[in-house]
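Chains as they are written, first to last, in our numbering: chain A, 1 to 506; chain B, 1 to 640; chain C, 1 to 179; chain D, 1 to 105.
By construction, these hints were calculated from the structure, which means they are not laboratory data.
Computed from a predicted structure; not experimentally measured.
Certain hints may be false.
Unchecked claim - Each pair of labels, with its calculated beta carbon distance range:
| id | chain 1 | residue 1 | chain 2 | residue 2 | range |
| --- | --- | --- | --- | --- | --- |
| 1 | D | S94 | B | L631 | 31 to 37 Å |
| 2 | B | V571 | A | S496 | 52 to 58 Å |
| 3 | A | M171 | C | A142 | 50 to 56 Å |
| 4 | B | E604 | A | M362 | 27 to 33 Å |
Claimed, not checked - Here are the simulated lysine to aspartate or glutamate pairs, DMTMM-like style, with alpha carbons at most 25 Å apart:
| id | chain 1 | residue 1 | chain 2 | residue 2 |
| --- | --- | --- | --- | --- |
| 5 | C | K89 | D | E96 |
| 6 | B | K617 | D | E8 |
| 7 | A | K159 | B | E604 |
| 8 | B | K611 | A | D447 |
| 9 | B | K611 | C | E146 |
| 10 | B | K172 | A | D447 |
| 11 | C | K26 | D | D98 |
| 12 | A | K453 | B | D171 |
| 13 | B | K574 | A | E160 |
| 14 | B | K172 | A | D302 |
| 15 | B | K605 | A | D447 |
Just so it is clear, CB atoms sit at the ideal spot from N, CA and C, and this is done for glycine as well.
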Amino acid sequence: MNILTLFVIIPVVTAFAIGFSKNMKQTRVVAAVGMGLQLLLSAYLVYAYLTERAAGNVAEMLFMYDALWFESLNIHYLVGVDGISVAMIGLTSIVVFAGIFASWEVEYLSREFFISLILLATGVYGFFISLDLFTMFLFYEVAVIPMYLLIGIWGSGPKEYSAMKLTLMLMGGSALLMVGLLGIYFYSAPDGAPLTWNLLEISKNTIPVEMQRFLFPFTFIGFGILGALFPFHTWSPDGHASAPTAVSMLHAGVLMKLGGYGAFRVAIFLMPDAAQEQAWIFLLLTATSVLYGAFGAIFQKDLKYINAYSSVSHCGLVLFAILMMNQTALNGAIIQMISHGLMTALFFALIGMIYGRTHTRMINEMGGLMKVMPFLSVVYVIAGLASLGLPGLSGFVAEMTIFVGAFQHTDAFHRTLTIAATASIVVTAVYILRVVGALLLGPIKNDHFNHLKDARWFERISTVTLVVAIAAIGMAPLWLSNMINVSLQPIVTKLSTATSTFVSLF
Amino acid sequence: MPMNAYSYTLLILLIPLFSFLLIGLTGHKYKPIISGLIGTAGLLIVAVLSYMTAIKYFWTDHVEGTAYTSFKAFETTWLHLTDNLTINLGVLLDPISVMMLVVVSTVSLMVHIYSLGYMKGEKGFARFFAFLSLFSFSMLGLVLATNIFQMYIFWELVGVSSFLLIGFYYDKPSAVSASKKAFIVTRFADLGFLIGILMLSFTTQTFDFQTLVSSDGPALTHTGGAVFMGLSAMTWALTFIFIGGAGKSAMFPLHIWLPDAMEGPTPVSALIHAATMVVAGVYLVARLFPIYSIVAPDALTIVAWVGGLSSLFAAIIACTQNDIKRVLAYSTMSQIGYMMLALGVSGYGGHDGLGFMAGNFHLFTHAMFKALLFLGAGAIIHSVHSNDMREMGNLRKYLPITHITFLIGCITIAGIPPLSGFFSKDEILVAALHHNIYLFAIEFLVAGLTAFYMFRLYFNVFWGKERHYHHTPHESPLVMTIPLMVLAFGAIFAGFLPFSELVTSDGLPFEAHINYAVAVPSVLIALVGITVAFLMYRRTSAAPDKVASALGGFYRGAYHKFYIDEVYLFVTHKIIFRYISQPVAWFDRHIVDGTMNLIGNTIEKSSYLIKGFQSGKVQQYGYVFISGTILLVIIFVYLW
Amino acid sequence: MDSNILFSLFAGAILLFAILTVTTRKVLRAAVYLLFVLVSTAGLYFMLNYNFLAAVQLTVYAGGIVVLMIFSILLTSHISEKARMATLKEGVFSALTVVAGALLTIVLIINHKFVATTEPAISTDVQNVGRQLISYGENGYALPFEVISVLLLAAMIGSIIVARKESLASNVKSTDNQE
Amino acid sequence: MTGNIPLEYFLVLSTLMFFTGIFGFLTRRNLITMLMSIELILNAVNINFVAFNHYLYPNQLQGHFFTLIIIAVAAAEAAVAIAIIINIYRSFKSIEVDKVNQMKN
């Protein structure tokens, strides 16, 4: 069987197996085994991919598999990966694996919980391997829908409201996206040729510029909503705050990356002309996102809100870099997606664990946790340092690649915006240190905190997995960067065929 | 010169990293003292390797009369950015990096040894040594950086290790906020550094130091380019980079974190906030000195004035502080101002580069005597458990070794010959005199002030009236006094190093002489400062208060550090928090989110409006169905 | 008797009683009026020489359904009780719609030219009807006949189950216990 | 026997009856009378079938059998409907449509 298809089959089989499990213990063991297998599989995929490339296979996509499943609209189940998707799949596996362990003690309807969670993961995997726009969209929806249940049933706080808001806004995005994708489909081939959803085929054709102008905003905003594009980001703070731990992890860690990945793979890649013409609008919006999210985070009191705003800022940087449309910035965007996925997942995992002990997420009610739970605190500090871009951890690699890449842009307007975006590193430091100071350091504010226990073994597995990944990317980024770079070549070539020019405000 | 002969310098980086990881991951498993010994042993090896390198570089491998070359002992690609720009990690050896290697490893080793005694019994003993190793690794990496981006990487790392060490007593709120402040202020400066790097790399398409400073490289041959507000792109880039350096080196107005950083354990202050990390800014400017000097003289002028003003500013404040560590902190700031000024007034090449040589020379001697002073202060604090000099007095009889070594430090910093401070300071004054008479005047004044406030401290602590101590102060153990003696030795004799033959702006040695026209007055003013201090503080008297009240507002201003902290507090809390962050948060909740909710509510409302159609009443449905059918029939039959 | 007069008589009765059925406020009377309508319809069938059909109409409709209705009326309401009607507004609107629909249909009917077949007529006596009903060749209706019998059977069983007292409640209870 | 009665008379009669039934269906609130209105409608349709069969296609008996089947279905429908109505009456103590608005009581 095609290795990529396995990525969809394993979760589905796992979900089925969970359906037959008798109690919570069996459920979580099955889930952990399934997702562990998935993690191994993705490690193997990385290995297989690198071997293929080393053997001189220069095809744009590897491990392709094609099956027609809806003939009248020419919809295929077409899968294939390049370095970028491989990296994203790796990210997904790690986050899902950590997420399973982070939700080890979900007792209420645990079977249903894990099934939904794994269903969500299925959608994400499917999205990353698909090369057929329709199938991609299908998996996208598969990923979004379980979210509603997961937040609505297992969430906390105003969960119904948040779930509804999140789902509606993402569905709104899907609606825009559907328009964009259909438009692309109808212009996917030159006159007379059969229409196609195949991404690679479409990229060989040039969609008429007038149509691009019309379709690009739909597609970009449609994906951008998932990527927390200002001002469509408000689902994110509420949704994250209400979601249960693993869902926040998956959502911020992986699902939001679908937005960035899609915006890049579909919107920019297929419609480079319109992208260049309209980049300035979206650059302004994303640069706003970056700073706005960071400033917004300073003032929050709830840990999850802080992290949600921080995600807005970091994901804004992803879209910002994508819009710069040069190889280095794009590379940075991908690394940033991975890096942010890992560290935000780590953050949410930690917040969940801390919340499970202190029963509050308000930073002004906490303090001095370093003394009572050193392990969790140290990991929290590491996550914080990764988030504020400390060298040696993944955030630095990503941000620097983006900044250097974006600053190489020939246009002064773009460079100015880059400088504005770099200011976020200071603001990020401010809110991260504020949280670390208020949460972990200082005297213990509440006596019953003295009796709290440090991390249990499954929590250690969950966090250590993520920390190792963060540190590995941070210390030796070259292989990842190279893997992505090779795959960016054809895309950058396609982008350079665009005849439009960048619009500059200067 | 074969490259391989120096490849072992890589170990200088790897050993502290290894001991950091070892102590950090396994330190809680064994006795704390073992962690300390691991860290110290690692540093000992590093120090030996550094001395070996220095001897080999400066003397063994050097052919008399030729320029010192700079070469990479090791280099590997860390991250590939664009075709031209790659971030490499490596080891660059040239006169200043080798000199810094000696400084960092010496001071760090001394501090490690000292800490074995000073931190004994502390709860986070292993953690402390882990962080020290991390710091040593980062600082050495910074010093040996082959390119500006590697420097930035380690720049951030020293920042974070400084943060961790300042906040070592993490349950003390003041330490937590001091560490936060240090990190954020330097982070803000680092933003300038980063922007500078971006601009520089955009213009020159390289990060590499050797390429940047080579005479036919893209930086030095760069002409024209975009001009913004009357300054060229290179000037802007270098000014931004200097902001980074100024932040790390606590130059006015980014100095506010340094006095607060004294919340950290005293050995940390000696290592990070006196001898090594804070001079990183000086080192950075020295690194890029050819570019500053040739392409962006305007930026260099800024460096000179910022350095000069900072040194004066800090010296004035130092005269009024009572916390001995804060006095030393302001003194550090003042001395770094000297170094900056020295670089700022320097020219490039030959004797013109006197300032460059003097700045580095002062960096070297300052590291010795300031580390000595801090460690001495640590010994004092260790024995009386207070930072406040008003609670001390007549300590000379309890702490004889500390007393002598501290006195040596004070004389050195005051610039009395033949101790090392005299030589380096004298050359800075000469360079300043050649360049700008006002800057010279400032520095001349500062020389007097320095002598005054150091001896004020000295007399207050070691002489004066005996205070009531909780328990009799006692001399520190050998493990703490030996580093003091070693550093005192360094402070005395470092001045005799032929620095002008080793570290020069273009690598070529030149002859430097003592300029008596400058040296004699500067020694005199130092003596005046000492005398004044002697008169005022030898015995506890009312004289200081009289002087203070005579100076009135000026004294109060200096005592309150000229209210710079308050200005920052105002800017951050009032402006950024209240007028940016809070409105952003409000805007997000109410306007952006409100719009989304409004859309949701509108849809809900309109659905209420049309809900009547879905009444669930069969007859209503029937009615609508039938009328609809009739209408359709009419339409299709008659109107179509 | 002239067929026109007979037709007018039946038609008039049908319309009159139909309107009465839907307008009277006494439910039991409505049932009786319905009975009259159905009987008159049977009369029409007789007129058209469809004797078997008319007989079925009388036995099934008049004799079966209406009686069933009367029983259920007696079970579910008091005789003196007056049925609630729609509000005046609803009544008026319904009437308007209905009149419009009727007019439209009538106009359509009148304007349409119906063309009759020229084939010779076949007998509609009971014998012929019966043969066709159970034959399966040309003009045979055995299959619909079977289908309709199954349907009737199903309806019979269904109505018995639905109307059975407490049947549902006890079922639900038993399933609850199982879980 | 039908003599000179035109087909249209039957059709108009059935139309009027049909719409009377509809009127009843729309205005009655009582489930049983609504059922009666439905019977009226069915009857109107039956008349139509019979008339068409008789006038237009006397060579076959399709309309005749259709009517027969409709009558059978009407009987089945009435039986089931009345069973439901009685059941509803048990639950709600009423058989008025606008009071019966819950799936479960």
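Hint by hint, here is what the structure shows:
{"no.": "1", "hint": "D:S94 to B:L631: 31 to 37 Å", "verdict": "holds (34 Å)"}
{"no.": "2", "hint": "B:V571 to A:S496: 52 to 58 Å", "verdict": "violated (45 Å)"}
{"no.": "3", "hint": "A:M171 to C:A142: 50 to 56 Å", "verdict": "holds (54 Å)"}
{"no.": "4", "hint": "B:E604 to A:M362: 27 to 33 Å", "verdict": "holds (31 Å)"}
{"no.": "5", "hint": "C:K89 to D:E96", "verdict": "holds (19 Å)"}
{"no.": "6", "hint": "B:K617 to D:E8", "verdict": "violated (36 Å)"}
{"no.": "7", "hint": "A:K159 to B:E604", "verdict": "holds (18 Å)"}
{"no.": "8", "hint": "B:K611 to A:D447", "verdict": "violated (54 Å)"}
{"no.": "9", "hint": "B:K611 to C:E146", "verdict": "violated (45 Å)"}
{"no.": "10", "hint": "B:K172 to A:D447", "verdict": "holds (17 Å)"}
{"no.": "11", "hint": "C:K26 to D:D98", "verdict": "holds (19 Å)"}
{"no.": "12", "hint": "A:K453 to B:D171", "verdict": "holds (19 Å)"}
{"no.": "13", "hint": "B:K574 to A:E160", "verdict": "violated (37 Å)"}
{"no.": "14", "hint": "B:K172 to A:D302", "verdict": "holds (23 Å)"}
{"no.": "15", "hint": "B:K605 to A:D447", "verdict": "violated (48 Å)"}
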